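Visitor: So the chains spell out like this:
There are 2 protein chains.
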Amino acid sequence: MIVGVLGGGQLARMLAQAGKSLGLSFVFLSPEPDACAATLGEHLCADYEDETALANLAERSDVVTYEFENVPIQAVRSLSTRGPVHPSAEVLAVARDRMHEKDYFRALKIPTPEYAAVDSFDELQQAVAKIGLPAVLKTRTQGYDGKGQAVLRSPQDLAEVWTAWGNAPAIVEALIPFERELSIIAVRSSVGETAFYPLSENHHREGVLRLSLSRSGEAMQSLAESYIQRLLDDLGYVGVLALELFQAGDKLLANEIAPRVHNSGHWTIEGADTSQFENHLRAILGMPLGATSVRSPAAMVNLIGTLPDQDELLAVQGAVPHFYGKAERPGRKVGHVTLTSANCSPDEFDQRVSRLLTLANETELASHTFQN
Amino acid sequence: MIVGVLGGGQLARMLAQAGKSLGLSFVFLSPEPDACAATLGEHLCADYEDETALANLAERSDVVTYEFENVPIQAVRSLSTRGPVHPSAEVLAVARDRMHEKDYFRALKIPTPEYAAVDSFDELQQAVAKIGLPAVLKTRTQGYDGKGQAVLRSPQDLAEVWTAWGNAPAIVEALIPFERELSIIAVRSSVGETAFYPLSENHHREGVLRLSLSRSGEAMQSLAESYIQRLLDDLGYVGVLALELFQAGDKLLANEIAPRVHNSGHWTIEGADTSQFENHLRAILGMPLGATSVRSPAAMVNLIGTLPDQDELLAVQGAVPHFYGKAERPGRKVGHVTLTSANCSPDEFDQRVSRLLTLANETELASHTFQN
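One line per chain: the protein sequences are V and Y, in this order.
Quick note: the first sequence uses the numbering used here, first residue 1, plus one each step.
Quick note: the second sequence uses the numbering used here, first residue 1, plus one each step.
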């Protein structure tokens with residue numbers, strides 16, 4: 001079987017790594033000549049809107065999927081006329097626009113921070129008057145890793161931010177005080193089977209994920225599952241879906257969904273019975289889903305901008321490296337490293353996570369404790 | 001970094017799968033046009049004796065390794081004049097000839113079953129008179145998976161077997177009664193660091209490995225480590241080395257070594273902190289070795305000849321499939337499946353292993369119990 005993927009980055013690459021063990025082959029469509037997934041399959045190097053390339057991709061593939069939600073929706077629609085594409089173009093239409101996404105949460109009675117669409121300075125003022133400060137102004141589309149966001153803390157910020165904003169359609173959201181950022185990753189197959197991973201606890205800096213920890217047995221698990229179940233069912237979803245949540249007291253507020261494998265689920269490669277990558281492939285191919293239980297509690301540290309000294313990293317006992325084969329560049333995700341707690345005490349686990357965070361230049365996070 | 005591999009089968013493929021996560025690239029030299037590793041790197045499709053191809057491989061690679069000991073030794077020697085090759089040609093010279101191998105064990109005071117070289121019918125009769133029956137006649141080179149072997153049970157067998165034997169240089173070995181077949185996998189890096197995996201318990205049928213189980217905490221572990229340590233040290237070995245052993249009472253008798261990643265170590269992908277594949281690469285590249293502890297006890301079932309029904313296999317909870325992308329053919333290893341016991345009781349583990357063995361057509365083995 002051949003799986004086509006829109007995108008050729010690290011998510012496509014890790015899908016292919018998982019897929020090799022299922023005996024699958026891969027074709028990637030991506031405009032980057034140095035796409036890091038390319039060494040794991042055939043690379044159609046073309047723009048996402050290139051109809052010839054899309055036709056080529058569809059023809060070669062038994063099923064098509066995508067690795068990020070900012071792929072042009074027209075490309076997914078075009079592919080859908082030629083063969084199966086999972087997740088669907090309808091899902092993408094929801095997920096790629098923060099306003100549609102929030103309205104959709106609301107329609108399914110999934111709580112969110114307060115929000116309002118904003119297309120003018122007047123609307124921004126009205127929205128902030130209703131929602132209060134602090135708030136955050138976000139582009140409705142194309143935002144990721146904290147890009148396309150501006151925090152509004154005082155009334156004076158509004159004019160300043162809006163002047164710099166340009167004309168991108170925007171949404172303003174209440175910046176709520178929360179205790180933790182969590183995510184839940186679920187999977188639904190093309191024959192309707194569903195499975196849920198244990199929660200991930202996520203730590204961001206400058207809008208970019210730095211650390212995720214598997215958190216099985218949490219009291220919040222069933223509430224998170226009930227929310228993502230509504231999304232899976234209502235969307236008739238096929239594949240892996242990630243739902244990012246804020247925990248505030250005993251409430252979970254939905255932040256956003258990602259219709260794909262998700263950075264906060266990378267720990268599942270070593271930490272769960274079946275990785276999110278393998279389960280995404282099983283799901284879109286209609287195979288039975290794999291078990292999602294935690295094998296041993298795990299932590300995942302992102303490697304951003306540069307790779308740490310390789311020997312120092314590999315010398316951390318139990319750490320499993322994932323280098324993406326990408327050129328180093330400030331802010332770019334060039335790898336991650338996973339630590340499982342199978343063969344160490346809780347204190348050792350904390351020390352090793354801290355060591356990994358230090359190597360990843362996350363000095364502030366490194367001073368926390370994360371015991372599983 | 002680019003790793004060159006002589007061979008393009010499943011071992012080369014799994015090396016490359018592991019190596020991708022280390023950010024490595026691969027070049028395979030193998031004469032098979034449909035080499036199953038080829039989709040994970042560049043494939044130089046040529047004979048192993050092809051000097052142009054060997055020069056090409058050496059030129060493209062930072063280090064060269066091989067996936068099987070029946071590669072022509074001249075190819076390894078030729079490559080060694082052009083750049084680093086691990087394990088060395090000297091190691092290969094020992095490992096590829098059963099007589100050299102047994103003499104080497106003896107020189108290092110590693111016990112073996114009794115044996116003798118046999119080049120004529122007279123020598124066969126003399127050897128059997130000394131060693132006794134039952135015994136097994138084996139080709140000195142090129143044997144694997146039970147090929148090139150004949151069992152001698154009665155004096156009448158000798159003439160019959162010898163007539164059919166041809167002229168291949170042979171060795172006759174005592175067929176000792178043993179309780180278990182075990183193997184130990186060790187790794188030594190180019191800077192001299194060593195690590196040992198917990199023992200594997202191996203179950204063969206018709207000379208072919210069917211099932212391996214990780215066995216950590218066994219009383220035999222330290223004895224096995226002491227034997228393989230002698231080999232690593234004396235050979236100045238670099239890479240993963242496997243030593244197959246017979247357990248007879250409180251003795252371990254050496255059967256053979258494999259200077260490479262080994263089928264009985266496939267469970268390390270899911271079951272150990274670092275897989276044998278990743279550690280082989282770390283070793284030949286002089287990186288720090290990864291931890292070898294068992295994360296959770298594991299069982300590996302080979303899929304031979306044909307793949308079982310995919311949906312039935314994937315429906316076994318906790319089973320991780322590894323399909324090699326090879327055409328099905330009687331007796332051919334086309335995949336394996338690993339089960340870890342992280343999320344099941346000992347009884348469930350046994351039931352699931354039995355289920356996998358049944359799916360792999362190992363009905364007799366399936367009735368055993370294997371609790372970890």
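Incorrect hints may have been included.
Put simply, identical chains are the same to the list, so a pair is met inside one copy or across any two.
[Stated by the list, open to error] Taking lysine to aspartate or glutamate and the DMTMM-like style, the derived pairs with C-alpha atoms no more than 25 Å apart in a straight line are: (1) K251 <-> D233; (2) K326 <-> E42; (3) K326 <-> E312; (4) K326 <-> D62; (5) K109 <-> D122; (6) K333 <-> E59; (7) K251 <-> E160; (8) K251 <-> D119; (9) K326 <-> E59; (10) K251 <-> D309; (11) K109 <-> E32.
Derived from the structure by calculation, the hints contain no laboratory data.
On a predicted model such as this, the values are computed, not experimentally measured, just so you know.
Visitor: With reference to the structure, classify each hint as holding or not holding.
Guide: Results for each hint:
no. : hint          : result
1   : K251 <-> D233 : within (22 Å within a copy, 60 Å between copies)
2   : K326 <-> E42  : both (17 Å within a copy, 18 Å between copies)
3   : K326 <-> E312 : within (20 Å within a copy, 38 Å between copies)
4   : K326 <-> D62  : between (28 Å within a copy, 19 Å between copies)
5   : K109 <-> D122 : neither (29 Å within a copy, 88 Å between copies)
6   : K333 <-> E59  : neither (31 Å within a copy, 31 Å between copies)
7   : K251 <-> E160 : neither (33 Å within a copy, 81 Å between copies)
8   : K251 <-> D119 : neither (30 Å within a copy, 81 Å between copies)
9   : K326 <-> E59  : between (29 Å within a copy, 23 Å between copies)
10  : K251 <-> D309 : neither (41 Å within a copy, 44 Å between copies)
11  : K109 <-> E32  : neither (40 Å within a copy, 58 Å between copies)
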